[in-house]
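*Asks:* One-letter residues, chain by chain:
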Amino acid sequence: MLMFVLKRAGAAVLLAIGTIIIAFLLTSILPGDPTTAMLSERAAGDPAIVAALREKLGLDQPLYVQFFIYLGNLITGDLGTSTQTSRPVLTDLSQFAPASAELALFAAIIAIVLGVGLGVVAALRANGVIDNVLRVVSLGGVSVPVFWLGLIVAALFSTQLRLFPSSGRLDAGQTPPPAITGLFTVDSLLAGDPGLFFQAVSHLVLPAFVLSAPMVGLMLRFSRASVLEVLGNDYVRAATAKGLPAWTVVRRHVLRGALVPVITVLGTAFASLLAGTVLVEQIFAWPGIGSYAYRSASNLDLPSIIGVTLFIALVYVVVNFVTDLLYGIIDPRIRTA
Amino acid sequence: MTLTDIDPKLDADGIPSRHNRWVKRLRLPAAWRRPLGIAGLVIIAFWVLVIIFAPLIAPFDPLAQDSARYLPPSGDHLFGTDGVGRDIFSRVIYGAQISIPIALLLVALSVLVGSTIGAIAGYFGGVVDTVLMRIVDLFFAFPAIILAMAVAAALGPSLVNAVLAIVVVFWPTYARVTRSLVLGLRDSNYIAASRLLGVSSFRALIREVLPNIVGPVLVLATLELGNAILLLSGLSYLGLGAVPPTPEWGAMVSDGARAFYNYWVALFPGIAIFSVVIAFNFLGDVLRDALDPRTAKSVAVVDR
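Residue numbers (numbering that gives the first Met the number 0), protein chains in the order written: chain B, 0 to 336; chain C, 0 to 303.
A portion of the hints provided could be inaccurate.
Which chain B residues face chain C? A few, computed with CB under 8 Å, are given here [stated by the list, open to error]:
1. T18
2. I19
3. V141
4. S142
5. V143
6. I151
7. A154
8. S271
9. A274
10. S297
11. L301
12. P302
13. I304
14. T308
15. I311
Here are some chain C residues pointing at chain B (derived, C-beta under 10 Å) [to be verified]:
16. L131
17. R133
18. G155
19. S232
20. F281
Just so you know, the hints here were simulated from the structure itself, not pulled from any lab data.
Quick reminder that beta carbons are idealized off the backbone N, C-alpha and C, glycines included.
Given these sequences and hints, build the entire structure.
*Replies:* In structure tokens:
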């Protein structure tokens, strides 16, 4: 087991270094001289000033030296300064990350409950009417542009029907709970304030549902296929043959076997939800890294865009590492592979 | 019992009549003849017609700002007008001329780049293979929209750069698939035979390997078209794709996001994106079921 963990950890570290290299290449190789963005128009016209700045930034060094400068900065937590907020990118990220984490977490819960639940139903009614309807639902989920779905949902359920708020994490003027985890739902419970908890949840409903739409589609398809495969096994037929009620067979025999592969996609799914926040958060005025990335993109604030990219890629690497381990624990065959 | 009892389409000699042979030839392959597959094809055919006949269908110039601002949908302006008085119906029609051909182009580019690299990796193996495939792995470590956003932002906002950014995101998929296909072919006898005849590696790849991988790669490419359109419109929504006043669907939804109470500005271009993407995904779903022996098997099990 230790060997397995070490192997996977090694692979994860290599992958992390690789993502850093790509982030570095994005900042340095691509056209567009960073100095022009940092200097005023007049200063940018003066070759001496430009040369001085290039030397100060290490841009006159060969590429590999520049990479080590970049790596050194990263290790000390220096991701550059956002041209938009004039603050260090790392400060921005740590301020905005908890809101996105909470949103992605809720979206993941919705996607798992709804996606897996509907997937099991679809598999048990395979090729029936319900299955075909769910197939269209699943394809619809992966096909819908979430930024558009967000607008429609906000207009319908918030502006028209007034069912849920569509702006921010709490009602306007509300003081957030004392920060412990940064997740308002958890913090409000820790502070013993159920009213605030329900308020935080009501603000999460719309953005979380919208964000989860593509993942509901994926989970539905995936768990359907997984359950169908298990249904074909002899032990399931044996359980049915000995007269167990259908529901008991499903609960005790089918779900157990079917849900193991579902766990493997959870990691990727969570990370893709985090990525999806870029398209969704802005619509719901959700103060997370998604909104931050949206503003950075529209202002061409390159340091913070690369910061967000690197952050999400590293989360991706860590999450994949953890799912690998989980899978290894659940299914011993993987460890020896 | 005669043959006509078994299959009424056969004539007495058991040979399909001339009429039936024609019907057979025009008929879709069996795998596509499913409701979802047909729905997908119909929607795509609809949009192809829209692309071809856009100037005839669109009542207004998509760029002309000659109406009142934010008119709600009416007989004159079916989908209303936007913030600068352009007819949204005409813009949605002309948007098809941008989103769909560009998606085709960028998937074609991704196939070209990815398959070339994948074929090199698979054919030569060894160090070349290891290095190239590690690079491919790296690209899979980024969520698609994030990497595309970073590349597009670094290159600067334009439709061309958005296409390049999405190619950067898409090529690794084709590299992986092509590599595994080539690996399977490399050791086959006819490749060995052509090598023994003194054919160069490059020639063997083009003449012997290529024809055998075109089919599967093209199927995969069709499946990716929907994703390509989704990603392209997403980048435009972020302001990193089409620049104003181009009638691109994602950019139009973005316009609508700023005019929250005039729902029609975002609604119709969004429906356009949704319909095209879901059509390609319908087709993809039908194809996947038909090609994947595992689904075919498990479906059969439940049918019993």
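*Asks:* Hint A274(B) vs chain C: min CB-CB distance below 8 Å?
*Replies:* With a minimum Cβ separation of about 3 Å from chain C (threshold 8 Å), the hint on A274(B) holds.
*Asks:* Using 10 Å as the Cβ threshold, decide whether R133(C) counts as touching chain B.
*Replies:* holds, 8 Å
*Asks:* Does the nearest C-beta of chain C fall within a distance shorter than 8 Å of the C-beta of T308(B)?
*Replies:* holds, 4 Å
*Asks:* Double-check V141(B) for me: the hint is only fine if its C-beta lies closer than 8 Å to a C-beta in chain C.
*Replies:* Result: holds, 6 Å to nearest chain C Cβ.
*Asks:* For the hint on S297(B), just tell me whether its beta-carbon gets within less than 8 Å of chain C.
*Replies:* holds, 4 Å
*Asks:* Holds or violated: S142(B) as interface residue toward chain C, Cβ cutoff 8 Å?
*Replies:* holds, 4 Å
*Asks:* Checking hints one by one. Is A154(B) an interface residue toward chain C, by the C-beta closer than 8 Å rule?
*Replies:* holds, 5 Å
*Asks:* Take the shortest C-beta to C-beta distance between G155(C) and chain B; is it under 10 Å?
*Replies:* holds, 6 Å
*Asks:* Restraint: F281(C) near chain B, CB-CB cut 10 Å. Satisfied or not?
*Replies:* holds, 6 Å
*Asks:* Is the shortest C-beta separation between I151(B) and chain C less than 8 Å?
*Replies:* With Cβ-Cβ at 7 Å, under 8 Å, it holds.
*Asks:* Hint L301(B) vs chain C: min CB-CB distance below 8 Å?
*Replies:* With a minimum Cβ separation of about 6 Å from chain C (threshold 8 Å), the hint on L301(B) holds.
*Asks:* Should the interface hint for I304(B) be scored as holding, given a Cβ-Cβ cut-off of 8 Å against chain C?
*Replies:* At 5 Å from the nearest chain C Cβ, I304(B) passes the 8 Å test, so the hint holds.
Hint compliance for this structure: hints 2, 12 and 16 are not met, and every other hint is.
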